[in-house]
Amino acid sequence: MSQPALPHLRYLEAEAIHILRETAAQFRRPVLLYSIGKDSSVLVHLARKAFFPGKIPFPLLHIDTTYEYPEMIEFRDWFTKEIGAELRVYTNRAAVEAGANPYDLGTAKCCHLLRTRALVEGLKEGGYDAAIGGGRRDEERSRAKERVFSFRDREGQWDPRNQRPELWNLYNGRVDAGESIRVFPISNWTESDVWRYIEVEEIPLVPLYFAEPRQVVVRGDTLIPLEANVKLLPGETPVTETCRMRSLGCTPCSGAIRSDARNAGEILDELAVFRRSERENRVIDHDQEGSMELKKREGYF
Amino acid sequence: MHAIVEKPLLRISTAGSVDDGKSTLIGRLLYDSKSIWEDHLEEVNRSRVNRAAHGPDLSLLTDGLRAEREQGITIDVAYRYFGTPRRKFIVADTPGHEQYTRNMATGASTADVAILLVDARKGILPQTVRHATIAWLLGVRKLAFAVNKMDLEGFRHEVFLRIQKQSEQLLATLSGATASYFPISALDGDNVVEASKRTPWYKGPSLLEWLENVDAEPASDAPFRMAVQLVIRPHLDFRGLAGQIASGTIRPGDAVRIQPAGTPARVKRIVTFDGDLEKAWAPMSVTLELDREVDASRGDWIAAASSVPQRARRLKTTLVWMNEEPAREGAAYLLQHGTRITPVRLARISERLDPATQAQVPATELRLNDIGLAELETADPVPFDLYRENRATGGFILIDRISNLTMGAGLIESSLDDSHEAGSLGTAERSALFGHRPCLIDLSERPELAAALERQLLLRHSHALVLEDAAISTDFLLSAGLLVISTTARPEASVQASRLDSDPARAISELVEALRRAGVFGIEGDYVQGEGI
Numbered sequence: 013m014s015q016p017a018l019p020h021l022r023y024l025e026a027e028a029i030h031i032l033r034e035t036a037a038q039f040r041r042p043v044l045l046y047s048i049g050k051d052s053s054v055l056v057h058l059a060r061k062a063f064f065p066g067k068i069p070f071p072l073l074h075i076d077t078t079y080e081y082p083e084m085i086e087f088r089d090w091f092t093k094e095i096g097a098e099l100r101v102y103t104n105r106a107a108v109e110a111g112a113n114p115y116d117l118g119t120a121k122c123c124h125l126l127r128t129r130a131l132v133e134g135l136k137e138g139g140y141d142a143a144i145g146g147g148r149r150d151e152e153r154s155r156a157k158e159r160v161f162s163f164r165d166r167e168g169q170w171d172p173r174n175q176r177p178e179l180w181n182l183y184n185g186r187v188d189a190g191e192s193i194r195v196f197p198i199s200n201w202t203e204s205d206v207w208r209y210i211e212v213e214e215i216p217l218v219p220l221y222f223a224e225p226r227q228v229v230v231r232g233d234t235l236i237p238l239e240a241n242v243k244l245l246p247g248e249t250p251v252t253e254t255c256r257m258r259s260l261g262c263t264p265c266s267g268a269i270r271s272d273a274r275n276a277g278e279i280l281d282e283l284a285v286f287r288r289s290e291r292e293n294r295v296i297d298h299d300q301e302g303s304m305e306l307k308k309r310e311g312y313f
Numbered sequence: 046m047h048a049i050v051e052k053p054l055l056r057i058s059t060a061g062s063v064d065d066g067k068s069t070l071i072g073r074l075l076y077d078s079k080s081i082w083e084d085h086l087e088e089v090n091r092s093r094v095n096r097a098a099h100g101p102d103l104s105l106l107t108d109g110l111r112a113e114r115e116q117g118i119t120i121d122v123a124y125r126y127f128g129t130p131r132r133k134f135i136v137a138d139t140p141g142h143e144q145y146t147r148n149m150a151t152g153a154s155t156a157d158v159a160i161l162l163v164d165a166r167k168g169i170l171p172q173t174v175r176h177a178t179i180a181w182l183l184g185v186r187k188l189a190f191a192v193n194k195m196d197l198e199g200f201r202h203e204v205f206l207r208i209q210k211q212s213e214q215l216l217a218t219l220s221g222a223t224a225s226y227f228p229i230s231a232l233d234g235d236n237v238v239e240a241s242k243r244t245p246w247y248k249g250p251s252l253l254e255w256l257e258n259v260d261a262e263p264a265s266d267a268p269f270r271m272a273v274q275l276v277i278r279p280h281l282d283f284r285g286l287a288g289q290i291a292s293g294t295i296r297p298g299d300a301v302r303i304q305p306a307g308t309p310a311r312v313k314r315i316v317t318f319d320g321d322l323e324k325a326w327a328p329m330s331v332t333l334e335l336d337r338e339v340d341a342s343r344g345d346w347i348a349a350a351s352s353v354p355q356r357a358r359r360l361k362t363t364l365v366w367m368n369e370e371p372a373r374e375g376a377a378y379l380l381q382h383g384t385r386i387t388p389v390r391l392a393r394i395s396e397r398l399d400p401a402t403q404a405q406v407p408a409t410e411l412r413l414n415d416i417g418l419a420e421l422e423t424a425d426p427v428p429f430d431l432y433r434e435n436r437a438t439g440g441f442i443l444i445d446r447i448s449n450l451t452m453g454a455g456l457i458e459s460s461l462d463d464s465h466e467a468g469s470l471g472t473a474e475r476s477a478l479f480g481h482r483p484c485l486i487d488l489s490e491r492p493e494l495a496a497a498l499e500r501q502l503l504l505r506h507s508h509a510l511v512l513e514d515a516a517i518s519t520d521f522l523l524s525a526g527l528l529v530i531s532t533t534a535r536p537e538a539s540v541q542a543s544r545l546d547s548d549p550a551r552a553i554s555e556l557v558e559a560l561r562r563a564g565v566f567g568i569e570g571d572y573v574q575g576e577g578i
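Chains as they are written, first to last, in the numbering used here: chain A, 13 to 313; chain B, 46 to 578.
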């Protein structure tokens, strides 16, 4: 007998759980890349569902650039403890000690050292053969072509011209030693799917996602919340704005938007009239045309 | 509060020839349904590459990779997302060039409908036939012909009618396919989202209206199938089989069989993070707890006991070849089907299909982007359904054992095993077919009862055998699923006949009861003769 089709959010949920289970089953040492952001939070929630009544059978890895908002670290430690997940943290110590910062190096180079290099090294150090990430195909043009199981060579690099075909829900995760697969269980989700799911499932998030009055500096079209390590440029003075973060990154490089949305429902209302993408306030994506593709080729998530 | 959007998702595949405006059409659907962010559009406007004569080049929105933007061609499958208040859509945007058949097949493998782009000036081209054929082969039955660039033909009705007529020959070859036709201009937006004033002769819906209302592939009424992904065992009291339901419906109490062994069981609970379910159906991801300990693990299928999959080692398949290294007769690969990976040999390639002309050409190898008929021989029996009956259990991929690459995709067309050749039955399947488990009975105390017990068991349709020679090992007979009645002492026997009633008839009854208590006849009513298989 025929059954009603699943509502689209439940369809996406079932698909993501299938992908997470395939990852746990096909790899020796999978890891979930936990950025503390909303997409990671959804991913962790899906992983809890996938392996229930068991625990999440792989650790959560946070790449700490040392430029994270303090609220993020506080939330990370509380959340992972709350759900009984195993947390691991990796930082590119050599680059941090050499004083890597976006003001002297530029955003592209800083990001390469503290995120991309740190990620590739962190994965190598842990001997992980699969890294699960919260990337979505709707975020950026080059992501639209990423596979759900995306092959990385020994240097962690992506070759967009030579990807494994992916048919039905059959995922080929076979790799040789040193090679790895990046896994994207929420590839097919959009930003509003993520928020709707957060609302329906009542998934806790870092408070930075929700509007409140904050001290910021206005830099171009972007509001940069004033944190200890954000330097004022000549002529800048801090102002107080009711704002929220749409996407979380490092303090100097991720901007807030003016908003009154205080919960997931209000954010969905706001998204319905938004016309601009969530990554727009991430300075790093725009430093050159096709820059996300270049970062991804090098190993960025 | 925002309720979950209740509209079923629609998955669309698109493919088209060079310059027929496919990327522009998708850009148009995204743009006009307001699914494009302004900053992405501004990035397109700033781009150094712009092939549109006027306005933004909407194709740049979907041609994601640098090489594509520079060469002006789409070289891989890109997935696009857009939504209207009525429905959410996932579009697999694939290139139309001959060398990208593999990408077309990938996009079509999960699609509910296919949009076929036709240039109004050129009509149905070999590429249109190619795409329609590939989409149809992969199970897509709803085809939308988007007759594009109608503006360049002055929106003339006869142009549209001519193309409609041309397509009939193609449709005649695709059994079960249904077609819809749309006169559009992707560049200007006519009949894409809203009805155009420039086609007064066209009374049908716009392409988007049609997409909003078309039924997705009907929720499968195929029998229950679920590939076991992993066993969840958080503690000794719980053993759950986790998987995504491939087809059908399941409820607690339903009788199932573990394939390929054929072991019977019943579903005890459907376990999820959000609580136990009274019913679950495709494509839900669930964890099933069974009513008994059975040997089931990753690679097995759980199937409805009332309708089990076929099993075979020799399969007739359609292969879509996806690698530079051609498929050759005699080559060995790994076959991934559900969660099962089995070594496989490509026994024979019989013909190649030219999807552009639909001609069958004799062939002994399949090159990159070829589609052909091939016979496979697997190391272990594969439980399967025919692809045309069940997309989820009839499709597989072939993996190279050295490079680990996905070499091709396959659709199971039929079993090539002769019925008397499908002889590699395991003990578990034999038990399932026999309707009882194997058992050794030590009747050395009352050997005179052996023949009567054997007759009694055979009358019950059990498979019993008297063994009088102490030198013969019982292992082989038991592995064949038999009830072995030994007249010589067998201390390892699970039923020891001692202290039996002196009356022979009563003694036989006691023996049958002892077998029942030992679980030999399994669970009542579960596997009776003639049921299932």
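I should point out that these hints are in silico values taken from the structure, not numbers from a laboratory.
These numbers come from a predicted model, not from an experiment.
Every residue gets a Cβ at the ideal spot worked out from N, C-alpha and C, and that includes glycine.
Fair warning: there could be bad hints in the mix.
Stated by the list, open to error - Straight-line Cα separation of at most 27 angstroms, DSS-like style, residue types lysine-lysine; simulated pairs:
hint, chain 1, residue 1, chain 2, residue 2
1, B, 167, B, 210
2, B, 167, A, 67
3, A, 67, B, 324
4, A, 61, B, 324
5, B, 242, B, 167
6, B, 242, A, 61
Said to hold, decoys possible - Stretches of chain A that chain B covers, calculated by requiring three or more beta carbons in the stretch to come under 8 angstroms of a beta carbon on chain B:
hint, stretch
7, 93-102
8, 173-179
9, 259-273
Practice item. For the pair we were handed, residue 242 of chain B and residue 167 of chain B, check the Cα-Cα distance against 27 angstroms. Key: holds (24 angstroms)
Check your understanding: According to a criterion of three or more residues whose C-beta lies within less than 8 angstroms of a C-beta of chain B, is the stretch 173-179 of chain A covered?
Key -> Held - the stretch 173-179 of chain A has 6 residues with a Cβ nearer than 8 angstroms to chain B, which meets the minimum of three.
Point to revise | Straight-line alpha-carbon gap residue 67 of chain A to residue 324 of chain B, limit 27 angstroms | key: Answer holds: residue 67 of chain A to residue 324 of chain B is near 24 angstroms, not above 27 angstroms.
Exercise for review: Take a quick look at whether residue 61 of chain A and residue 324 of chain B sit within 27 angstroms of each other, Cα to Cα.
Suggested key: holds (18 angstroms)
Check your understanding: Within the assertion that chain B covers the stretch 259-273 of chain A, do at least three residues meet a Cβ-to-Cβ distance smaller than 8 angstroms?
Key -> violated (count 0)
Check your understanding: Are residue 167 of chain B and residue 67 of chain A close enough, with their CA atoms no more than 27 angstroms apart?
Key -> The hint is violated at about 59 angstroms.
**Study point:** Check of the stretch 93-102 of chain A against chain B for coverage (Cβ-Cβ below 8 angstroms, three residues minimum)
**Key:** violated (count 0)
Check your understanding: Do the alpha carbons of residue 242 of chain B and residue 61 of chain A lie within 27 angstroms of each other, as the hint requires?
Key -> Roughly 51 angstroms separates the two Cα atoms, so the pair is violated.
**Study point:** Straight-line alpha-carbon gap residue 167 of chain B to residue 210 of chain B, limit 27 angstroms
**Key:** At roughly 14 angstroms apart (the allowed maximum being 27 angstroms), residue 210 of chain B and residue 167 of chain B satisfy the hint.
Of the numbered hints given earlier, the model fails hints 2, 6, 7 and 9; all others are met.
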